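Start from the sequences, fold in the hints, and give me the full structure.
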Amino acid sequence: MYSHLNEKKTPLVTLVGPPNSGKTTLYNYLSGKKSKTVNYPGSTVNYSVSKILSKHEVNADILDSPGIISLIPTSPDEKVSVDTLYKHPKYGHPDIVIVTVDASQLSRHLYLVKQLMESNFNLIVVVTMIDILKRNGKDIDIIKLSAILGCCVVKFDGRNADGIKHLLEKTRDKIVAIQKEEIILPIAKFHIDKDKLLLSYKQIEEIEDEVITENGFRKNGALDLNAINEELVILNQRRPFVRPDSKTLKLDKIFLHKYWGLSIFFLIMAFTFTAIFWIAQPMMDWISGGFEWLSNYSGDLLGDNLLSDLVSGGLIPGLGSVLVFLPQILILFFILELLEDSGYLARGAMLVDKPLSKIGLNGRSFVPMLSGFACAIPATMAARTIANKKERFLTIFILPLMSCSARIPVYALLVAFLTPKDKPYLGGIFFTLIYIFSIVCSLVVAAIMNKFRDKIVKEKEDSSFILELPAYRRPKLWYNLKHSYKNAKQYVKKAGPVILILSLVLWVLTTFPNYNPSIPDADKLSAEEVSSVKNSERLAGSYAAMMGRFIEPVMKPMGMDWRIGVSLVATFAAREVFVSSLALIFKVTDDDESNHNSLLTAMQDAKFEDTGKKLFTPSMVIGLVIFFVFAMQCLSTTAIARKETGGWKIPILQIVVFTSLAYTLTVIVVNGLKAMGVS
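The sequence shown runs contiguously to residue 679 in this note's numbering.
Take the hints with a grain of salt, since some may be wrong.
Calculated pairs, DMTMM-like style, for lysine to aspartate or glutamate (alpha carbon to alpha carbon, straight line, at most 25 Å) [as the list claims (entries may be wrong)]:
(1) 138 / 210
(2) 9 / 169
(3) 144 / 209
(4) 79 / 61
(5) 79 / 118
(6) 390 / 83
(7) 134 / 118
(8) 174 / 61
(9) 55 / 118
(10) 174 / 162
(11) 247 / 209
Have a look at the derived ranges for each label pair, beta carbon to beta carbon [as the list claims (entries may be wrong)]:
(12) 426 / 139: 51 to 59 Å
(13) 649 / 134: 51 to 59 Å
(14) 281 / 647: 50 to 58 Å
In case anyone wonders, no lab produced these hints; they're calculated from the structure. Just so we're clear, the structure is a prediction, and the values are computed from it rather than from any experiment. A virtual CB, placed ideally from N, CA and C, is assigned to each residue, including glycine.
Okay, structure coming up:
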């Protein structure tokens with residue numbers, strides 16, 4: 001089929017390539033964007049479209065999509081790439097396809113190039129990772145490779161953009177050419193044929209032998225057909241043998257060791273979760289003090305009136321009580337960035353594949369699960385890389401149990417309450433135990449649900465786990481810091497407006513209709529005592545109290561009262577609102593302490609209104625931790641789970657199962673601890 005490029009249509013350049021081949025780095029250079037570049041499958045789970053920067057003088061749109069190893073997709077994310085190649089629903093078919101190939105893994109990446117050429121795509125091949133090839137004493141003859149393939153081939157260095165001008169020149173030339181010539185539209189015509197597959201790899205290895213030189217000499221072109229046959233299982237998955245460099249092999253002997261590997265993995269995870277608590281503490285104190293000063297200053301500036309109470313007693317404490325935990329979120333993102341950039345996360349997936357396979361998951365589930373510690377929404381989307389539908393749905397089902405960044409403010413507050421002042425190091429240990437507990441719970445739930453997965457997903461599929469292990473790389477600290485900052489900023493953008501709106505709503509609910517209650521014998525009390533009594537009376541007669549007392553019978557079995565009930569109801573909009581809700585309900589405006597410490601003091605002093613007994617006890621706070629581990633409090637995650645699974649079965653199961661577990665286990669734990677004398 002033939003077509004002409006419409007002069008009014010902006011040419012479309014589509015970027016494709018195997019995972020870890022430098023595709024997204026090239027996209028960032030061409031578009032000026034800062035898309036995340038990581039080295040494990042699933043880093044791009046949707047396509048990105050942008051204009052090529054005007055300074056490059058190429059008038060074209062550029063599209064980046066998930067990495068693929070062939071034009072026969074085996075998972076939803078690969079299907080996104082293949083579908084956008086043949087015909088994008090909005091942009092149509094690509095006018096030019098730029099395919100990135102890793103020079104250090106040429107034989108395995110040329111298979112995709114061969115398929116693209118046979119499908120009639122207008123192709124430019126970009127060879128990347130030449131620095132790794134040279135580090136191993138080798139080089140590549142680009143001119144000879146171009147002659148053999150019969151298409152344009154250019155070099156590109158992602159570290160300094162060397163070769164970008166040459167690529168832009170070739171792209172410009174092709175755009176001019178296709179405006180004058182008829183375009184042959186691409187056709188999909190591939191199916192799996194083992195004999196043809198082996199023959200293709202034989203031809204590709206012959207090409208590699210022709211163009212790769214070692215110390216100035218061409219490689220020996222002899223083929224080891226026995227070795228090819230021994231790798232038949234891998235070839236059937238369209239992944240030929242990869243030759244890792246010596247440094248990678250040495251490190252893998254340690255990090256992938258049968259016993260030491262898992263030990264190192266658990267130590268790294270333990271350090272990550274401990275660091276979240278104790279490294280961030282000084283910065284948290286500084287931010288908390290800053291918001292306390294701002295609250296006092298605004299109160300003095302606005303005077304004693306309704307507006308002053310709204311700003312200094314509602315909005316500022318509400319927002320500050322959550323933003324105080326921003327350092328912990330930054331540290332979490334930064335450590336995850338370092339692990340991704342170094343190449344270690346892919347090893348983590350390999351290490352946990354065997355234990356995960358016993359409960360219906362596989363190593364590819366590791367990446368979404370780890371992403372879930374940041375946010376369940378991108379984690380759910382990252383599950384597209386799991387080819388097996390049952391394993392993908394099971395992974396999506398348990399992702400809400402991963403302790404996301406929205407839970408950090410809640411856990412930090414509850415852990416701070418449980419930690420003795422003379423033993424601050426216990427806070428980090430408690431924090432780590434909460435994360436370990438959430439992981440164990442997710443695996444137990446997965447094992448149980450795996451028994452019923454045939455009833456949930458009625459499809460029979462073979463399961464296999466083959467993962468590309470990238471070379472180890474030195475993390476780019478400045479890039480990691482920038483991207484951590486970007487993630488933290490996204491957290492603030494996402495949570496900030498919600499917190500502000502809910503803080504305003506809660507302030508209204510806790511302030512009216514009894515805004516100015518009469519205080520008997522007020523002249524006999526100090527100004528501080530009058531303020532305290534007024535706040536208590538105002539809250540007792542508020543709309544929030546009316547709502548809270550309505551749901552209090554449900555809260556009583558969990559050892560909680562209506563005030564905590566109101567805060568928990570608010571969390572179904574956003575988990576982190578729990579902290580600001582408590583701050584508003586307990587009217588935290590202490591001049592002598594930081595906002596965070598004032599809330600802890602208020603929690604320690606809080607009592608049940610009917611009995612006068614302490615409200616916040618160790619048993620009740622531990623129960624709250626259990627509740628937040630299990631409760632399905634993120635409606636956005638429910639929506640994205642519905643989209644990714646194509647129905648309401650999984651999201652409804654998540655809501656019913658996790659909310660029921662949260663309530664039931666909280667009741668059991670709180671009352672069990674009380675029976676054991678923990679009160």
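Quiz item: So which of the earlier hints does this model not fit?
Solution: 7, 9 and 14
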